[in-house]
Structures are given as structure tokens and as C-alpha cells.
Amino acid sequence: DRVTSEFFKNAPLIFFEHVLSLVNYIYDSGETPISFSKAIIFPLFKRGDPTDVANYRGISCLDAVSKIFTGLLLRRLEVFVEENNLLGEFQAGFRRGYSTFDNLFTLLNIVNLKFLKKGNKLFCFFVDFRAAFDHINHQSLYLKLFNIGVSSKFINCLKSLYSNSSAAVRGSSGISEYFRVQGGLRQGCLLSPLLFSLFLDDLPAFLDGGVLVGGTSVKVLMYVDDVVLLVDNPVSLQRNIDKLSTYCDLWNLSVNTDKSKVLVFRRGGRLASKEKWYFKGQRLEVVNQFNYLGVMLTPRLSFKRHLAEKVSVGKRAVNGVWSGFFSQNLVPLPFKFQLFNSVCRSVVSYAAQVWGFQRYEELEKFQRFFIKKLFSLPTATPNYMVYIETGVDLLMVYTLKLHFKYCLKVFNLPSHRLPRITALEIIKKKTSWFKSWIDLAQKYSCQFDCSIDSISEWKNQLLALVNRIKAAHRGECVLRSTVSAHFLLYKELDQFQHV
Numbered sequence: 001d002r003v004t005s006e007f008f009k010n011a012p013l014i015f016f017e018h019v020l021s022l023v024n025y026i027y028d029s030g031e032t033p034i035s036f037s038k039a040i041i042f043p044l045f046k047r048g049d050p051t052d053v054a055n056y057r058g059i060s061c062l063d064a065v066s067k068i069f070t071g072l073l074l075r076r077l078e079v080f081v082e083e084n085n086l087l088g089e090f091q092a093g094f095r096r097g098y099s100t101f102d103n104l105f106t107l108l109n110i111v112n113l114k115f116l117k118k119g120n121k122l123f124c125f126f127v128d129f130r131a132a133f134d135h136i137n138h139q140s141l142y143l144k145l146f147n148i149g150v151s152s153k154f155i156n157c158l159k160s161l162y163s164n165s166s167a168a169v170r171g172s173s174g175i176s177e178y179f180r181v182q183g184g185l186r187q188g189c190l191l192s193p194l195l196f197s198l199f200l201d202d203l204p205a206f207l208d209g210g211v212l213v214g215g216t217s218v219k220v221l222m223y224v225d226d227v228v229l230l231v232d233n234p235v236s237l238q239r240n241i242d243k244l245s246t247y248c249d250l251w252n253l254s255v256n257t258d259k260s261k262v263l264v265f266r267r268g269g270r271l272a273s274k275e276k277w278y279f280k281g282q283r284l285e286v287v288n289q290f291n292y293l294g295v296m297l298t299p300r301l302s303f304k305r306h307l308a309e310k311v312s313v314g315k316r317a318v319n320g321v322w323s324g325f326f327s328q329n330l331v332p333l334p335f336k337f338q339l340f341n342s343v344c345r346s347v348v349s350y351a352a353q354v355w356g357f358q359r360y361e362e363l364e365k366f367q368r369f370f371i372k373k374l375f376s377l378p379t380a381t382p383n384y385m386v387y388i389e390t391g392v393d394l395l396m397v398y399t400l401k402l403h404f405k406y407c408l409k410v411f412n413l414p415s416h417r418l419p420r421i422t423a424l425e426i427i428k429k430k431t432s433w434f435k436s437w438i439d440l441a442q443k444y445s446c447q448f449d450c451s452i453d454s455i456s457e458w459k460n461q462l463l464a465l466v467n468r469i470k471a472a473h474r475g476e477c478v479l480r481s482t483v484s485a486h487f488l489l490y491k492e493l494d495q496f497q498h499v
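For the sequence shown, UniProt numbering begins at 1 and goes up steadily by one.
No lab work stands behind these hints: they were computed from the structure. It cannot be assumed that every hint is accurate.
What the hints assert, rightly or not - Restricting the straight-line Cα-Cα distance to at most 25 Å, the calculated cross-link-like pairs of lysine-lysine (PhoX-like) are:
{"#": "1", "residue 1": "Lys-117", "residue 2": "Lys-274"}
{"#": "2", "residue 1": "Lys-429", "residue 2": "Lys-401"}
{"#": "3", "residue 1": "Lys-409", "residue 2": "Lys-459"}
{"#": "4", "residue 1": "Lys-401", "residue 2": "Lys-430"}
{"#": "5", "residue 1": "Lys-259", "residue 2": "Lys-46"}
{"#": "6", "residue 1": "Lys-114", "residue 2": "Lys-430"}
{"#": "7", "residue 1": "Lys-470", "residue 2": "Lys-117"}
{"#": "8", "residue 1": "Lys-153", "residue 2": "Lys-67"}
{"#": "9", "residue 1": "Lys-470", "residue 2": "Lys-336"}
{"#": "10", "residue 1": "Lys-304", "residue 2": "Lys-118"}
{"#": "11", "residue 1": "Lys-409", "residue 2": "Lys-365"}
{"#": "12", "residue 1": "Lys-219", "residue 2": "Lys-276"}
{"#": "13", "residue 1": "Lys-259", "residue 2": "Lys-315"}
{"#": "14", "residue 1": "Lys-219", "residue 2": "Lys-117"}
{"#": "15", "residue 1": "Lys-459", "residue 2": "Lys-118"}
{"#": "16", "residue 1": "Lys-435", "residue 2": "Lys-114"}
{"#": "17", "residue 1": "Lys-276", "residue 2": "Lys-259"}
{"#": "18", "residue 1": "Lys-409", "residue 2": "Lys-470"}
{"#": "19", "residue 1": "Lys-67", "residue 2": "Lys-159"}
{"#": "20", "residue 1": "Lys-430", "residue 2": "Lys-409"}
{"#": "21", "residue 1": "Lys-428", "residue 2": "Lys-365"}
{"#": "22", "residue 1": "Lys-428", "residue 2": "Lys-401"}
{"#": "23", "residue 1": "Lys-443", "residue 2": "Lys-470"}
{"#": "24", "residue 1": "Lys-401", "residue 2": "Lys-304"}
{"#": "25", "residue 1": "Lys-470", "residue 2": "Lys-365"}
{"#": "26", "residue 1": "Lys-144", "residue 2": "Lys-67"}
{"#": "27", "residue 1": "Lys-428", "residue 2": "Lys-405"}
{"#": "28", "residue 1": "Lys-459", "residue 2": "Lys-405"}
{"#": "29", "residue 1": "Lys-336", "residue 2": "Lys-373"}
{"#": "30", "residue 1": "Lys-405", "residue 2": "Lys-443"}
Turn these sequences into a full structure, and let the hints steer you where they fit.
What follows is the structure in C-alpha cells.
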């Protein structure tokens, strides 16, 4: 409809009263305007062969009023799902109070618990559905929604939206003719992620086995269509892969075996010759690394590859805006650090909520690289000078805060939540990140009551630990400057004597 979002943001109240009357009429009648079902697709090239349509991601632009309508439908459906507890705990995608970090945290906790016993492995099948949203059969979707109690009025609105669904493609030569869209969820529609989650919600019941953690059997973790099957033995993995195959046949889903991978978490050693898995007769690739929800996972849970990738992206981000921003003398220094923290630091610290409990020198080098470049310092400039003169903290302080904040949130989750269940097991076993907490508290002579009954006191204790780490690093830098046999003039400077 060519109406921008800014128009609606600045429209008067009386306008929205008319819009509300319109959408209520549409909802009550169950018939949506034809314009609500139309989409203009903008193809964005990803990578690979530019002549292959599979290498493009379609961005769908929809009618603005239709997005208001589907947004209201979404909120209505969300409330219904939440009040009736219709989505299982294994699905974390696009849910209030859930995040990608929940699945990552849960998975890593399970792996670390498995690692407690020598020789234990965790077998994971990371599933990539081929054009997942596009393969949803409309009649199957309506059936599943009806079975969980969604009203016929709501379903009729969906039927009206999908029965007249059409799209056109915008290219260099203009907009193509509109064509009918016969199946699948609408790309760009606010409802689609939740509808897909509800469609896939019965998958866990279809599977066997799983991994027992704190009395809960974890068979699968899902973030909308990002699915990983978890088992603790190779036979069960093949059995669940076969179950997944049957499920896909039943509900018209397709697995992309080229992108679906098996990763076996283990402390070391090679896989046994019998540890091979097949999907519909096609052998699946077993990999030594897999990017799951933005984090590069390895069999031993080393984050070095993940951090190396993020640091590389972070450096490109720094260099990309260097000439236009960082190198400009008219830009105040605080603004430069603010941009670095907002963009570059955020990139390299992605998912620190699950790995930020340790110090990684790769990250500290990245921050020092930026500071030295910003001030045109030689690369051989002592690190203690960089920290003292700028007052910048270690990046570990930032990642540790993110990690502590997330864990404290996890401890307050309802008792059925998987992150909380697995976190409590980690605490009981005093392993993984919780062991690092204890070690840090001992290293910096900071009080930390590691009893599970003292969780309510941990917030203040962890904050004190962060402050102690900051002060200790500051003191270490001062000490190095005073005992250094080089740069003798630096330690004689008056302002330094009062640091």
C-alpha cells in the first residue's frame, strides 16, 4: 500500500480508532481484504552462484494495515498459548521470556554434565529443514490449531489470508506479475514464527529416549525451525533420526541432508567405526564444528574457533568505519569508544551469557588493537600503559557481567524451565561455569557462598567479585609500570603518582 510505518507512528488517536473498528470488523467477518494477502518479494543475494535462486533470501514487503491486523492476531494467539501452556518447554523461539541463549545454555550444560564421567558422549543431530516455512500444508496447520483449541473465528481469518495469497518479485526491471502462493507460511508475516512453532510442537512426543537431566528427559531443543536432537548413545540417535523421517513424511516437511549435520561431543578420541548415521538411506556427515544459533560448537566445547571468527568480524567492523568515523579528529573521543562498545564489542561478545565466565586473551588483544590504532600507538606499546591512560577495563569484565546477569535470571525462572533445571545440576556437581566462579572467588580472595541455599545472596557477591577483578587488574598495571626496566620517564610523571 506504499504507506510507511512513520505515518502510523505519528497518526492521531482518532485515526487508530477507525483502524481498530476496521480490524475488528475483519476479524468478526473472517474475511480479509485481497490486499492483505499480497506480498512483494525483494530477493537478496547471500553467496555462491548468483544464477541459483537458492542463493537468494527473499524479503517480503506486506501491506501496512495487514501487519497491524496480523500483529493483533499474534498478540491474541500469544495470550491464548501462554494461558493454556500450549507450547512445550523444548521450543524457545519467539516466546516471551525465552531467548536463543536458553537453548545454548541448556545444551552446553548437558554436554558439561556428560563430560563428568570419562568416556561419556553426547550425540547431536542438527536438523536443517529445507524451506521450512514454505512446506507447511495449510490444512494440516488448521487441523493442529483446531486440536489445541484455537477458535474457529481465528482459523477462518487465517484461511482467508492464505486462500488468496499471492506474491510478486521486484527486480532490476521492475515488479513482476503476481502469482498464486499455494502453500507454506507467509514470509514476513508476524504470525509465521509462532504458527510454525505450534505446528512443530508435537515433534518431541514423536521421539524416543533423550538425555536425563535432573529428572527431565531432554530429547530435542528447538528455536522455531532450528532443531537439534539429543541422545547419549549412537543407536538411539539413529532411532530418532528414523522417527524424524516418519514425522516429516506425515506432515510434509523436508530435511536438507546437505546442511543437516551430526556432532558428537566428547573429551577426545575418534568415533567408533559403527558410529554412522543415515537419513532415508543417505549417510549424514559427522562434523568437528557446527554453528548453532550463532555460536561455533566443537566436540570439546572449545570457544577458540568461535572467538576467532567473531574477532575477525569485529576487526572488519572497526576498519569499515575507520575513515568515516574513528579517524575523524572532530568526533569526540567518548563517542568513538561508545561506537566501539555498541557495535564492535557487541559483535565479539555475542553469547557471552554462556561462555563469558573465563578470560580469553583473543578478546583482550582485539580491544587493545582498537585502542592502539585509535591513538596511533606502536604495537609494542606496553599494555599496562594502554589500560592506565584510557581507564578501560578488561573485556572479561564486560563478558563476566553478561554471564552473571543471565545466570541470575536463570535461577529465578520457573522450576520447569530447562535452563534452570540444567543450571541447578551444574551447581550441584560444582563443574563448568560454576567451578570457574568458585575459582575466581578464591583467586581474588572474594567471599562467595557456593551453597545452593545461598542463591539469593549471590547477586551482591558476584558484583563484589567483578569489582575486585577490576581493582586487581588496575593494581597489576600500576605495579608493572613501577617495576618496568623500560619507559623510566613514564613512572616519574606527576599525574601517575596519584593513580
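Here is what the structure says about each hint:
1. Lys-117 x Lys-274: 22 Å, holds
2. Lys-429 x Lys-401: Given that 25 Å is the threshold and the Cα spacing comes to 23 Å, the pair holds.
3. Lys-409 x Lys-459: 10 Å, holds
4. Lys-401 x Lys-430: Distance of about 20 Å is within 25 Å: holds.
5. Lys-259 x Lys-46: 16 Å, holds
6. Lys-114 x Lys-430: The hint holds at about 13 Å.
7. Lys-470 x Lys-117: Violated, because 36 Å separates the two Cα atoms, which is more than 25 Å.
8. Lys-153 x Lys-67: 18 Å, holds
9. Lys-470 x Lys-336: 22 Å, holds
10. Lys-304 x Lys-118: Holds, at about 23 Å.
11. Lys-409 x Lys-365: 30 Å, violated
12. Lys-219 x Lys-276: With Cα atoms ~19 Å apart, Lys-219 and Lys-276 stay inside 25 Å; holds.
13. Lys-259 x Lys-315: Given that 25 Å is the threshold and the Cα spacing comes to 28 Å, the pair is violated.
14. Lys-219 x Lys-117: 20 Å, holds
15. Lys-459 x Lys-118: Not OK: Lys-459 and Lys-118 at ~34 Å, beyond 25 Å, violated.
16. Lys-435 x Lys-114: It holds: about 15 Å lies between the C-alpha atoms, which stays within 25 Å.
17. Lys-276 x Lys-259: Satisfied, since the Cα-Cα distance of roughly 16 Å is no more than 25 Å.
18. Lys-409 x Lys-470: 23 Å, holds
19. Lys-67 x Lys-159: 16 Å, holds
20. Lys-430 x Lys-409: Within the cut-off at roughly 19 Å; holds.
21. Lys-428 x Lys-365: Given pair Lys-428, Lys-365 is violated - Cα atoms ~35 Å apart, limit 25 Å.
22. Lys-428 x Lys-401: 22 Å, holds
23. Lys-443 x Lys-470: 13 Å, holds
24. Lys-401 x Lys-304: 20 Å, holds
25. Lys-470 x Lys-365: 17 Å, holds
26. Lys-144 x Lys-67: With Cα atoms ~24 Å apart, Lys-144 and Lys-67 stay inside 25 Å; holds.
27. Lys-428 x Lys-405: 20 Å, holds
28. Lys-459 x Lys-405: Distance of about 8 Å is within 25 Å: holds.
29. Lys-336 x Lys-373: 12 Å, holds
30. Lys-405 x Lys-443: 21 Å, holds
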